[in-house]
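Participant: If you read the sequences in order, they're chains X and D.
For what it's worth, my numbering labels the leading residue of the first sequence as 1, then goes sequentially.
For what it's worth, my numbering labels the leading residue of the second sequence as 412, then goes sequentially.
A portion of the hints provided could be inaccurate.
Said to hold, decoys possible - PhoX-like cross-link-like pairs, simulated, lysine-lysine; straight-line CA separation at most 25 Å:
{"hint": "1", "chain 1": "D", "residue 1": "512", "chain 2": "X", "residue 2": "365"}
{"hint": "2", "chain 1": "X", "residue 1": "101", "chain 2": "X", "residue 2": "141"}
{"hint": "3", "chain 1": "D", "residue 1": "512", "chain 2": "X", "residue 2": "384"}
{"hint": "4", "chain 1": "X", "residue 1": "383", "chain 2": "D", "residue 2": "582"}
{"hint": "5", "chain 1": "D", "residue 1": "582", "chain 2": "D", "residue 2": "552"}
Treat the hints as calculated values from the structure; they're not laboratory data.
Protein chains: 2
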Amino acid sequence: MTAEIISIGDELLIGQVVNTNASWMAQQLHALGISIRQIVAISDDKEEIRTALDNAFSRTDLILVTGGLGPTRDDITKHTLCEYFGARLVIHEPSLEIIRKFFAARGLGLTEHNRSQAEVPDNCIPILNYHGTAPGMWFEKEGKILISMPGVPFEMEAMMENQILPRLSAKDNNLVVVHKTVQTHGEGESILMEMIRDWEDALPGNFRLAYLPQPGIVRLRLTAFGADKESVASQIESQIASLRRIIPSLIFGYGNETMEEVVGKLLISKHATLSTAESCTGGYLAHLITSVPGASEYFAGSVIAYANQVKHDLLGVSEDSLRNFGAVSEQVVREMAEGARKRFGTDYALSTSGIAGPDGGTPEKPVGLVWVCLATPQQTISKKFMFGEHRGRNIRRTALEALNLLRLQLL
Amino acid sequence: MTAEIISIGDELLIGQVVNTNASWMAQQLHALGISIRQIVAISDDKEEIRTALDNAFSRTDLILVTGGLGPTRDDITKHTLCEYFGARLVIHEPSLEIIRKFFAARGLGLTEHNRSQAEVPDNCIPILNYHGTAPGMWFEKEGKILISMPGVPFEMEAMMENQILPRLSAKDNNLVVVHKTVQTHGEGESILMEMIRDWEDALPGNFRLAYLPQPGIVRLRLTAFGADKESVASQIESQIASLRRIIPSLIFGYGNETMEEVVGKLLISKHATLSTAESCTGGYLAHLITSVPGASEYFAGSVIAYANQVKHDLLGVSEDSLRNFGAVSEQVVREMAEGARKRFGTDYALSTSGIAGPDGGTPEKPVGLVWVCLATPQQTISKKFMFGEHRGRNIRRTALEALNLLRLQLL
């Protein structure tokens, strides 16, 4: 089955609201094996809506519409659909009951205007809205389905989860689609592509591969189509097993797993503790680590040593090293990591020092130069990187490299 | 002028990526007075792309396309456009130079494949990509414009800001639209709305007001239409001056100014220095502060004291206080701020301690309970907050409250 999503609302077209509804719905439909052909956002305009409906019906079996069901004057979806399907509006008693309770709970009676919210076209199946006042509508016409829902995210999500998705999944689907995302770190998109080219070329015809790059991370999304969910899923697993043999150290996780979650799990499994000493990352590394619930189990703390004096006073970096090598140097980043490990009494300590930019670079130490270091019970490992000119991305990439250094050590 | 946005990429249609590019672009175009008729997301498929182009050209004067320009095989936008406009690919030397430098900076030579990234259709104006390897393309055909850009947000945004928007704004527009965004902190959307209701009701007919809430911040976007840019802009300024009289302490900035930038400017103007001592924010507060270029001028550093022992050892919090009041207490957060101020020798110090969640709450100290404290040369000010259950939002709101406490003190 293929579907199309039509999002109605001027706020989408002026960029005031990001269309998270559409991606949420796409995820849910996709999980049922329904392919989305198109997502379209249009304004609260009768003609635009009619045209979008005509186009969508010509292409797909299932149309999901959100928005334009509210009580205000610019909400015209219901009347437009009523005309489009040649229906007349009738009161839907169960919806009226919900609306009555909704206002009663707020100590208010029902106006004529509120009452009209319970009206639905007489040829649709009404969908109850337990979280708001506008019911959804399910139309069927010549074997095709159109579902209209409110644009308020939690109202729409509750309708989808409890009423619409169960009904849709009861319909037969011919084709099963299975995805798996592989998270990689360590090589950019084009190098990675060269590394896995033979594997990609040998993928069976029912496979698709997409590269999704972010600063410091390339996600690989593997999609496979087939008739049977289990066999397609096992095909995917076997292809990922081959991929893992080619780039074992680049793969750090699957699905939506983050680097900091993976490192956290490894630390817990080893009963190991961690601290950090940060200069150029300025707390971002500690923030990533502590954004994982339960991080207090393995994370003791950090010294953000922005000023050189702090590197000396709190981390014990020697004044000689700072003077002779400068704050951004292998010597200093090593003393920072070792100092943090001692100071916090942790098994591991990570440190960072670099020129995040956009200013502060010199010919010898340009913006983007970064040192990252890991102190372990056995050794101290430092690595140098040359990133770009963008402060935010340099900070992010530095933190990822630090976490990855620890990840590889813990494996 | 009307426009349409076409976002290309399978990841959008399975809901893996939210289409933030489209809303960002819509905002920018809207600010130029260009109305968006439609935003459409389609797959990396030649036929889908051709159909979308045909449809868009039949409706609008300007088409902005993102996605499908990467180096990998699923990126087919460039070849499809080349065919669509009956062009042939030629090397664009300035883009090749950027790509060469891009790989050279990473110590890599250029493969034939990398080189092909610099190819563009011979009938387009190439748009330089200073942040990646795929150039953008500007086509003109029968008075209509099509612009193709990479889907990587920061590459697209830099192209738009520096090259595309200036060119587009040079074209004539009949109606001038002026926006100004007011950043507020301290009250939620509904309370704020009550506070400024009379002002909002009295806005002239050519004004629009939008509330854009985020965790801890409500942005107010004021839009005014008119024939003359200067007079519309001065109308906006005078309305904002009235607004400032109603909510003087809630407004912390304008446009895209962040709380951390505002605080940074205030510190610089007072020649004052800052340090932090963080428990529940786990480095996020220091990260916000150091995300501002030049923060080293006023920020000395931070102790992230996740473990209680660290609060004692590095910040001098007394063991009695920790035992008697617990880590999340007014007493401890005050000792943390005072300890940091002393330890780092700064004029000001901020501290945070709370239950970020989702676990770790008790009936007396539930998830969302947060203490924030500011130590100044004259006094120590602590504030208690009760936030919600979402870890990420609790961390963000705590950091904003801490910065705002300092902002109000510095004013």
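Participant: Against this structure, judge whether each hint is valid.
Facilitator: Against the structure, the hints come out as follows:
| no. | hint | in the structure |
| --- | --- | --- |
| 1 | D:512 - X:365 | holds (18 Å) |
| 2 | X:101 - X:141 | violated (33 Å) |
| 3 | D:512 - X:384 | holds (19 Å) |
| 4 | X:383 - D:582 | violated (50 Å) |
| 5 | D:582 - D:552 | holds (16 Å) |
Figure legend: structure checked against the earlier numbered hints; hints not met, in rising order: 2 and 4.
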